Every structure is written in C-alpha cells, then in structure tokens.
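There are 2 protein chains.
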Amino acid sequence: MVTFLADGHVTSPRGWRAGVAACGIKYANRDDLALLVSDYPATAAAVFTTNAVKAAPVRYDMALMAQGHDLRAVVINAGNANACTGSDGDAAAAAMAQAVEQALDLPPQSVFVMSTGTIGVPMPVEKIVRGIAVAASHLSQDHGPAAARAIMTTDTRPKYCAVAVTLPDGQVITIGGMAKGAGMIHPNMATMLAVVTTDATVPRAVLDQALRRALEVSFNSISIDGDTSTNDTLLVMANGASPAPPITDLDSPAGSAFYAGLVAVCQHLAHAIVRDGEGATRFVTITVRGAVNDAEAKVAAMTIARSPLVKTALFGADPNWGRVLCAIGYSGATVDPDRVVLSFGGMRVLENGLPLPFDEKAAHQLLDVPEITIDADLGLGDGQATVWTCDFSYDYVRINAEYRT
Amino acid sequence: MVTFLADGHVTSPRGWRAGVAACGIKYANRDDLALLVSDYPATAAAVFTTNAVKAAPVRYDMALMAQGHDLRAVVINAGNANACTGSDGDAAAAAMAQAVEQALDLPPQSVFVMSTGTIGVPMPVEKIVRGIAVAASHLSQDHGPAAARAIMTTDTRPKYCAVAVTLPDGQVITIGGMAKGAGMIHPNMATMLAVVTTDATVPRAVLDQALRRALEVSFNSISIDGDTSTNDTLLVMANGASPAPPITDLDSPAGSAFYAGLVAVCQHLAHAIVRDGEGATRFVTITVRGAVNDAEAKVAAMTIARSPLVKTALFGADPNWGRVLCAIGYSGATVDPDRVVLSFGGMRVLENGLPLPFDEKAAHQLLDVPEITIDADLGLGDGQATVWTCDFSYDYVRINAEYRT
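Here the protein sequences line up with chains L and V, keeping their order.
So for the first sequence, the working numbering puts the first residue at 83; every next one is plus one.
So for the second sequence, the working numbering puts the first residue at 83; every next one is plus one.
Please keep in mind that the hints were generated in silico from the structure rather than gathered at the bench.
All values derive from a computational prediction rather than experimental measurement.
Since copy identity is lost for identical chains, a pair holds within one copy or between any two.
Below 25 Å or equal to it, Euclidean Cα-Cα: the simulated DMTMM-like pairs (lysine to aspartate or glutamate) are:
{"#": "1", "residue 1": "Lys209", "residue 2": "Asp170"}
{"#": "2", "residue 1": "Lys108", "residue 2": "Asp441"}
{"#": "3", "residue 1": "Lys108", "residue 2": "Glu442"}
{"#": "4", "residue 1": "Lys443", "residue 2": "Glu433"}
{"#": "5", "residue 1": "Lys443", "residue 2": "Asp457"}
{"#": "6", "residue 1": "Lys108", "residue 2": "Asp172"}
{"#": "7", "residue 1": "Lys209", "residue 2": "Asp187"}
{"#": "8", "residue 1": "Lys209", "residue 2": "Asp172"}
{"#": "9", "residue 1": "Lys108", "residue 2": "Asp477"}
{"#": "10", "residue 1": "Lys108", "residue 2": "Asp170"}
Sequences are here, hints too, so could you generate the full structure?
Structure follows, in structure tokens:
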C-alpha cells in the first residue's frame with residue numbers, strides 16, 4: 083500500500099539529511115546550493131540526458147556510476163549548469179565532490195554532483211566550495227523542502243513529496259524525492275534534475291531496473307516543449323536505514339510494493355514539473371488506447387503532447403480534434419483514420435474518423451479549466467499509454483524570449 | 083540562366099490560363115476557388131502529405147496519378163479541406179473533378195483536385211460546382227495572381243512567382259508557381275498546397291525525378307511549427323507549349339538549367355510560406371556545415387528549426403547559442419561538442435564548444451531584424467544543409483489559440 087505523506091520530502095526516509103546555502107552563484111538573497119547526505123552508504127542508480135552535449139557534472143557522474151560504488155551524498159547547485167565550460171568545468175565538478183568529501187569526511191567517489199542554470203559561464207568554484215561548508219554544517223532531516231527550493235531555476239514552486247510503502251510483511255519503507263525543471267522538458271531526460279531517496283534496502287541491480295521502469299511511465303511520459311538538455315539527471319539512492327528485508331526481486335510482492343511507491347514519487351514529481359511548465363495554464367492528460375501495442379500508443383500520445391498546434395488550441399480551450407487527429411496521423415503509429423475515436427474532457431468529438439456535432443460554447447466552457455483530458459482510441463489493438471503535457475501560452479513565449487539559458 | 087520575371091505567376095508559362103470564383107464556402111466577399119487550365123495535355127508529377135490521415139482530394143489525386151494520364155486542369159478551393167468527411171468527401175472530390183471536365187469538355191481523369199481550410203465539415207458541393215462554372219467562363223493568362231489569392235486561408239499574402247530559364251541552345255522556357263500555407267508547415271509535405279507550371283516539354287519520369295529532388299531543398303527544408311497535415315500537395319505540370327526540345331535527362335546541360343529553374347520557383351514559394359508563417363516576425367536561415375554527411379546536416383538543421391526554445395529566443399533577438407547547441411545535441415546527428423562553431427547573424431558566439439565573449443546589447447541589435455542567419459559548423463566532415471524557419475511570437479499563440487482548423 084502506497085500512502086503520500088503530508089509534507090513528505092526528500093529527507094523523509096530514515097537516514098537522510100539535507101543542508102542548503104546561499105552561494106551567490108547567480109541569484110541574490112536565496113539559497114542556491116543543496117547538499118543531501120545519507121548516514122549510511124546507499125546503493126544508487128541514475129539515468130542521464132541523451133543529449134550529445136553533456137554538462138561536466140553529467141560526465142563526472144557517468145564515470146562515477148560506472149565504478150559502482152555506494153554513494154553518501156549529492157551536491158546540487160542552481161544558477162550555473164556547468165555546461166559548455168570545457169576542462170575547467172570538469173575540474174569544477176570534481177572540486178564540488180571533493181569539497182563535500184572533505185567537509186563530511188566521506189570516502190572518495192561517494193559524492194554525486196548536479197548543476198542547473200545558465201550554460202557557458204565559468205563556475206564560481208570558490209563560492210560553491212564555501213557554500214558546501216555552510217550546508218555541511220547544518221544538515222538536518224527537516225531541510226528537505228529547503229533543498230527543493232535551493233535547486234529551483236525558472237521553477238515557480240519547489241517540487242517534492244514522499245510516500246510510505248507498507249510491505250506485505252507489515253513493515254514500512256519510505257521513498258522521498260525532489261525535482262526541478264520548467265522549460266526544456268521532454269522525455270529522454272530533458273532539463274530536469276530529480277533525486278529520489280529511500281530507506282529501503284535495494285541491491286544496485288534491482289534499483290537500476292526499478293528506476294528504468296519507473297522512468298518510462300513518469301519523467302519519460304511528459305513533454306513541455308520537446309527540447310532536451312545538457313544536464314538532465316535522475317538519481318535514486320537506497321540507504322537501507324529501514325529494518326525491512328532487502329528488495330531482491332521487483333516482481334515479488336515486496337518488490338511490487340516498492341516499485342509502486344517509486345512510480346508514485348516519480349509520477350508526482352513529473353506531474354509537478356508539467357504543472358510548473360513555463361507559462362503553463364492547463365495540465366493535460368493524454369491517453370491513447372487501442373493502438374497496435376503500448377510503444378505505438380506512447381509514440382502517438384507523445385506526438386499529440388508535443389504538437390504546438392494542439393498546445394495552443396488547449397490554451398484557447400478549443401476542442402480541436404483536427405489537430406489531434408493530424409498529430410496521430412504523422413506520429414508514425416499505425417492508424418486507420420476511419421476507426422479513431424476522440425474525446426476532450428470526456429466529451430466525444432470524433433467517432434470512426436468523423437466529427438460529431440457539439441455545442442461549441444459548452445465545449446469551450448468544459449475545457450476552460452486547469453486540468454484537461456484528451457482520450458484517443460485507435461480501435462486497432464490493446465496498446466495503451468498515458469502522457470502529460472501543458473498548453474502553450476503567451477507567457478511561454480514571453481518567458482523564453484526573455485530568459486537566457 | 084534563371085531570371086525571375088517581374089510579376090511572374092502561375093500562368094506566366096505559355097499555354098496556361100486561370101479563372102477564379104467566389105463560392106461562399108466559408109469566406110464572404112472573396113474568391114475561394116481557383117481553376118488552372120492548360121491548353122495542352124501536360125505531364126504531371128505530385129507529392130502528397132505523409133500524414134496517415136489523408137483528405138479526400140489527396141486520396142482522389144493519388145489514385146489519379148497512379149494511372150499516369152496527362153492532366154489538363156487543377157481545381158482548388160479554400161475554406162474547406164474536405165478532410166475527415168468520409169465517403170461523402172470522396173464523392174465531393176470526384177464531383178469537383180467531373181464538374182471541371184464537363185465545363186471545359188476535358189477527357190476523364192484529366193483534372194487534379196485540391197482543397198484547403200477547415201476539416202471535418204461537409205463540402206458544399208453545389209456551391210463549388212456553380213463556382214467552377216463561373217471560373218471556367220473567364221479563363222485568362224492574366225489571372226495567375228487572382229488564383230494565388232483565391233487559395234489563401236490564414237495566409238496574409240498571396241504567394242506566386244515565375245522564372246525564365248534560358249537553355250544552352252538559347253531557347254527560353256518559363257516556370258511559374260503558386261502556393262498557400264501558413265500554419266502547420268513542416269517537411270514531408272505539411273499543410274501546404276503548391277502548383278508549379280511550365281511550358282517546357284518534360285517526360286513524366288524526368289518531371290517526377292526533378293520534383294523529388296527540388297522538394298528536398300525547398301518545401302522539405304522549411305519548418306514553421308513542425309506539424310504536418312491532411313491535405314498537403316505539391317504538383318508540377320509541364321505542357322510542352324514552348325518550342326524548346328524535351329528535357330530528357332536532368333543531368334544534361336538543358337536538364338540542369340530546367341532543374342535550376344524549378345528549384346528557384348520551389349524555394350521562392352517555400353520561403354514565401356515561411357515569411358508568412360503564423361505570427362512570424364523573423365525569417366531565419368539555418369545552415370549546418372561540417373556534418374558527417376548531408377543527411378545528418380539536414381537533421382541537425384531541421385532540429386534547430388523546430389525547437390520552440392530556439393524560436394522564442396529568436397523572437398527575443400537573443401543569440402542563445404546554448405539552445406542551438408542543445409538542439410544539435412539531441413538531433414541524432416553525430417556531434418563532438420568540442421568542435422562545434424556557432425554564429426548568429428555572422429557573429430561568432432561559440433568556438434570549439436566554448437562560448438566567446440560578446441556585447442549582449444550589440445548582439446541584440448544585430449538580431450533584432452527581419453532576416454537572421456544561424457550558422458553551425460560541426461567540424462567533422464563535408465555534410466551541409468540549409469533550412470529556413472521563422473520565430474515563435476505572441477501572435478503565433480494568439481492565432482492558433484483562436485483559429486479553428
């Protein structure tokens with residue numbers, strides 16, 4: 083059983099503490115560095131951006147994860163992505179990890195590094211190292227929310243949650259998480275940082291398998307503007323602070339319970355990113371059923387989610403079935419237009435490829451709300467997928483015409 | 083030698099006439115039907131939308147072209163796309179062709195049909211048939227511009243041109259064209275109608291080859307919003323009214339001259355579509371050099387052209403090399419970030435993957451102009467491609483949130 087904790091956060095699981103600091107990297111008068119520490123060695127699994135242009139911390143972490151050590155801490159800064167910063171950037175990422183190792187007397191190769199913010203600007207390493215000392219000096223189980231605030235860039239709200247998972251044997255494990263990300267969000271790990279913590283005991287291989295499965299139905303099922311970025315990273319760490327027995331098989335009852343909790347946290351964070359999409363005014367859930375298989379259903383759903391024409395129509399609360407049908411048509415998914423059924427907000431607007439009459443004013447009112455659903459049935463098979471996106475508004479243009487990444 | 087004709091249009095080539103009519107399909111007080119007629123049987127080649135959802139006229143024309151007959155006329159209406167209209171739509175497309183055949187006493191299977199406008203609305207066939215009679219009654223060589231105006235939907239300007247091509251033997255052939263299309267423009271034949279006419283004599287197979295080559299460097303090298311549509315069609319017809327000898331080999335001197343003229347017309351029309359992109363304030367030429375091959379250069383260039391983040395930055399006159407570099411990074415093209423060189427408006431902003439210092443105010447002024455270039459050199463090989471796009475503005479959102487396709 084999975085239950086969301088009231089005010090749960092990334093340090094809700096046992097044995098996790100966080101500290102923050104205001105380094106003055108880019109922003110004035112706010113924390114811009116978060117340090118997340120486990121009291122015990124934690125197994126870890128991570129997924130990184132698929133962009134060929136990878137930031138220095140991503141390169142650092144990929145090498146780190148390849149070595150397979152347990153982790154003890156994650157340090158994250160906002161305001162500077164440490165991307166397109168050359169070999170100085172690589173040195174800066176390593177210096178951040180070392181500063182944490184020294185401040186907390188941790189073993190080498192036990193600290194993961196994340197950066198987000200402007201790219202192409204040299205890292206102010208000294209400021210960050212001073213901030214790490216500050217953050218390390220006041221670690222607390224209560225600082226999870228502060229950590230989520232410290233990693234924000236264009237985000238308007240911090241994003242965090244935690245769930246309690248009751249295992250079949252009655253023991254309870256906790257899974258927490260935090261994320262940042264507003265623009266440039268698309269599957270395949272777009273500009274998004276997310277950290278998930280748990281006090282469960284999970285061998286590295288099982289954790290890795292769970293992460294990759296959960297990723298597909300959460301962060302890789304959202305789209306804000308279709309761009310992917312240099313820094314995206316999703317990290318999950320399990321420190322075993324709970325007395326519950328190890329999760330050794332994802333398909334066992336305990337494994338299924340753990341996985342359900344992991345998915346709940348990842349989906350919550352992914353949805354929070356969509357809801358905070360740059361200029362977003364509506365949260366849109368798109369479900370495609372009846373595809374030849376799940377993969378084609380997802381391709382069709384994501385193509386709808388990416389279409390600027392669909393997204394501007396949603397901003398206008400327009401049940402524009404034509405644009406949705408077009409998107410399905412060019413998605414590459416197998417489609418027989420004469421079988422397609424489309425609904426907006428539960429109102430059926432297209433059946434067997436032909437539009438149904440509807441009251442335009444009533445439809446507009448139905449869709450002029452913060453949460454919209456689009457349902458498509460391709461009528462071909464059992465394939466199904468759900469993805470989430472937001473609309474394209476005037477503010478999306480304003481924010482992105484003015485913000486320098 | 084290719085020379086643009088002052089005020090050249092789709093009926094500039096010999097043996098072509100056009101007529102228009104106001105059928106009242108959707109718009110009041112304007113022509114919404116164009117009839118283009120050749121005095122002689124014309125060889126023809128066409129390319130259609132790749133969208134799985136194809137409008138009735140596209141289905142009609144695909145069957146027509148498969149039969150390989152010469153064509154005598156094209157009828158085009160605006161205001162109703164005759165898409166998602168079921169078997170009634172198929173009957174309407176056939177009725178349009180038959181009405182032209184009867185009005186002009188043409189042989190069966192000699193009339194091509196195009197429709198553009200709202201989808202999912204039954205075609206007002208009687209109105210259109212009456213309009214065809216009107217248009218057929220006043221065909222003229224002077225009505226090319228009126229025909230280009232009659233096929234407009236959200237277009238703000240008619241799009242037409244013609245070139246004179248002086249062949250190596252001194253004879254002159256003429257190639258004309260017209261197009262419509264504003265939103266939903268992307269390669270693979272997005273919502274766009276284009277007709278190209280010539281008085282050259284070109285066997286069907288050669289014409290088809292020329293069309294497919296020219297398509298790649300014109301209509302398939304533009305992107306407005308990445309969506310593709312149900313009706314897109316590009317048609318070229320050669321009626322042989324010129325005394326010049328047949329073009330039997332595209333790689334011969336005469337063939338090369340003809341092809342250069344065809345590319346000039348297609349690029350002019352494609353650029354006109356981009357310039358008239360919904361809400362567009364800037365025309366952007368993106369060139370990628372140094373790719374592993376031409377295909378990868380084009381993938382990288384089109385990915386830049388499609389990125390909403392790049393397009394909003396261009397609206398803001400922001401030389402945001404980071405977003406361009408990111409787009410190259412996720413394009414799938416082979417890229418070594420440490421070799422990439424980027425320029426905006428001729429100003430180099432990134433070299434070997436590292437940003438160069440530049441005066442932000444001067445850069446903004448440099449880019450706050452109607453025509454912008456982005457040049458990327460991947461530093462890996464000889465692959466090169468140029469594509470064209472426009473920016474994403476507030477008006478793009480406004481137009482598409484309000485317009486019902």
